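J.: One letter stands for each residue in the lines below.
There are 2 protein chains.
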Amino acid sequence: MECIPECRPELVIDLYQLTMAASYFEQKMSAPATFSLFIRAYPPNRNFFIAAGLEELLVFLENFRYQKGDLEYLDTLGLFKPDFLDFLGSLKFTGQVRAMPEGTIFFKDEPILEVTAPIIEAQLVETLVINMINVSTMIATKAARCVNAAQGRRLVDFALRRTQGIDAGLKVARSSYLAGFIGTSNVLAGKIYNIPVFGTMAHSYITSFPSEIEAFRAFAKAFPRNAVLLIDTFDPIAGTRHAIKVARELEEQGYQLRGVRLDSGDLVDLSIRVRELLDENGLKDVQIFASGGFDEFKIDDVLSRGAKIDAFGVGTKMGVSADAPYFDMAYKLVQYDGRPVMKLSTGKVTYVGAKQVFRFFDDDGFIDHDTIGLKSENHPPAHTLLQTFMVSGKRVRDPENLETIKMRVEKEFMKLPPQCKTLDAEKKVRVEISEELEKLQQEVKQQIIEKELGEG
Amino acid sequence: MECIPECRPELVIDLYQLTMAASYFEQKMSAPATFSLFIRAYPPNRNFFIAAGLEELLVFLENFRYQKGDLEYLDTLGLFKPDFLDFLGSLKFTGQVRAMPEGTIFFKDEPILEVTAPIIEAQLVETLVINMINVSTMIATKAARCVNAAQGRRLVDFALRRTQGIDAGLKVARSSYLAGFIGTSNVLAGKIYNIPVFGTMAHSYITSFPSEIEAFRAFAKAFPRNAVLLIDTFDPIAGTRHAIKVARELEEQGYQLRGVRLDSGDLVDLSIRVRELLDENGLKDVQIFASGGFDEFKIDDVLSRGAKIDAFGVGTKMGVSADAPYFDMAYKLVQYDGRPVMKLSTGKVTYVGAKQVFRFFDDDGFIDHDTIGLKSENHPPAHTLLQTFMVSGKRVRDPENLETIKMRVEKEFMKLPPQCKTLDAEKKVRVEISEELEKLQQEVKQQIIEKELGEG
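One line per chain: the protein sequences are A and B, in this order.
Quick note on the numbering used here: the first sequence kicks off at 518 and runs consecutively.
Quick note on the numbering used here: the second sequence kicks off at 518 and runs consecutively.
If you are wondering where the hints come from, they were derived from the structure by calculation, not from laboratory data.
Watch out, some of these pointers could steer you wrong.
Which copy is meant is left open, so a pair is good if it fits within one copy or across any two.
Derived DSS-like pairs: lysine-lysine, alpha-carbon spacing no greater than 30 Å straight-line [claimed, not checked]: (1) Lys-962 - Lys-738; (2) Lys-815 - Lys-625; (3) Lys-738 - Lys-708; (4) Lys-968 - Lys-825; (5) Lys-708 - Lys-932.
None of the values given here were measured: they were computed from a predicted structure.
Start from the sequences, fold in the hints, and give me the full structure.
T.: Right, here's the structure in full:
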């Protein structure tokens, strides 16, 4: 059984990267290539994205090395010549990485990361780059929408059991935390990323005891300071009465019941009735925690209908970004050996050349528009979004801690125009192409048409 | 940087499993508990599931051990007493696992796996069990639908770049292979699972050369026996003419061009025109490979409209199960210390007791219906679907190799009634509840209502 691969990036690859690399090697093509990473289209209900996943990618790029076992496996495929495999054995990633810092808000077509490296290296990391940035960005974006919908109520990531694998579970915990969640149920994520962990009990706990109140009492005994009692195993109102009884018993011992949790049924009606019951019994400080199928739409729905919920456990639908379970993210060659390049395939535009994203703000500090231009351009007073993170394969900035990124998301989100924050994402921020980029784009396109379609 | 966790299952856990375990420990509750794993509802367009993920889960259960660093981390949470942490330090999984073999077709509500173990052990593995079986089963099911739609044409997994993480990418490669794909682009999966790997070139390869035909020539030189040329970087018809030229050049050297690939545009019209061009030039054996947004619906659509495609690269939409990116899979306590248990939460039924699934066939060998009954029942001549895989924490069967599972899927799929194979999944196989189970279910429900709701 292999241990997978946070630390073994070099085989996280589609075979064609290796076949292309073998041909580049044979052709002695080693000039620098620049690849741009960008999202081609907004999925439904999206009008912004939150960049995430860069930190982990940089660690992987620094550790990119083929191991002996990898090369032995590749040799068995019968595709690769010994000199190419020897070359792979000594390969490191020596390139440059420019990227938006994690937590930056960005829009479709904008390069969020550019790699410039000898073409074999830049090509070999394609799958890794897309995979790592895509899933974290997708979840950070989804989670930020949930935070927005919750209007200040606390959110906890409950997704691990139904994330698409364990690696995804870790990325969901990290990305939702940086997007504004207060923590996760995921213990491994808590350990690895130092994220606060939360959790109390499942229905199975209740049903394993002879009765609900005995289960509540046992739990309050074990965790007198932290008890959140799940009250809907049999009947949520009867459950509330049991919780009130246990709250009284805790009070006699000098403790306070922390909360109750609802996980099913009509959470608007139930939360109102449970709140009333708790308040009538002098338990105004006991919080109501809700879980069960929440995402930004359901949070918005129950709150708009008056639900009395203090915090939400947000699980599966956030953890797989259920309404948009993939982004159309692409990593495309835009320049080779100083020559800007593009493909013409139907309906898929790639902007040529190494680029920069210039952000303009209005007088109130909201984002007015972005301009995608060439890296060499200047557009004062615009902010430039792509920054240099790696030079010659070495990181040139200290890793950011999660709290820094979390604060950036909060600040960035405040700069998003209010009309761009509705859940249906109707209003989009304007993204322009600079005159210089547009001119170069047309020139390259014209050259290709003359050369490739003229000789057909 | 941590190495994640194929081999570190013990922290793949929601915190509440540990808080519940701490309370069970304090209460000296160590009797055997049985948990059932099942899917509560069909997602849109699904009427069957293909069991997958068991092999990896069994490996994890055998290796379930808290490490010193795990216990130190848990200690920092301030929730757990030293005697409980000591207990965790010496914990192994000593339970029984009964399950459907990988590749078995099953239906909603049916237990696909049951764990019986001392309650702490059975509870602690909840997240791991759901996470591992859910994603593999979801992808095997999606991939089987693609295989069905392809009517014998070959399918290759191209999903890795946009799977939800690297772990997911591996599970997608394995699950799609066992469901009938012929291989994957995922090199790491090829190495770990010994799955055939496929792949040739990307658009970036073409654009890095001064012209398309120079790129084709270089690739044919490197891989004269295996060249599949991507023909749509600039214009697919011009690209086909270039490929024909290179095919001629290969013929002069005694080789044959293997194929061409289309990745965009109207693939029905294009594949027909490309096929004609190839045939007119005596290249009837050159295959047309298509990729770009394929899933079972798009495969079915292009084939029904006459596309001339020999093989498909099936990527993102299969790899995230885009139209059903999660299954409502649950792991519920059904028996504790010999006492059948259930919850009553609105709209969520759990069948009590340790169970068996009995499958009945019609005279033509098709599945007629299934009956969910108690483990102790007998219903000859029905086949029983749950088999014992682990006793006292040890595996009692040899691991199955992927080819065996692949053959099982093929056989199982032949037994699915033809009217249950349409992509809209309109017709469902009938699943009954046995009289004994129904009687016990009602008894337990009545007891709970009397005990829990009578005292409210």
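J.: So, for every hint listed, does it hold in this structure?
T.: Structure-based check of each hint:
no.	hint	in the structure
1	Lys-962 - Lys-738	between (72 Å within a copy, 28 Å between copies)
2	Lys-815 - Lys-625	both (26 Å within a copy, 25 Å between copies)
3	Lys-738 - Lys-708	within (26 Å within a copy, 50 Å between copies)
4	Lys-968 - Lys-825	between (66 Å within a copy, 29 Å between copies)
5	Lys-708 - Lys-932	neither (32 Å within a copy, 47 Å between copies)
In summary, the one numbered hint that this structure violates is 5.
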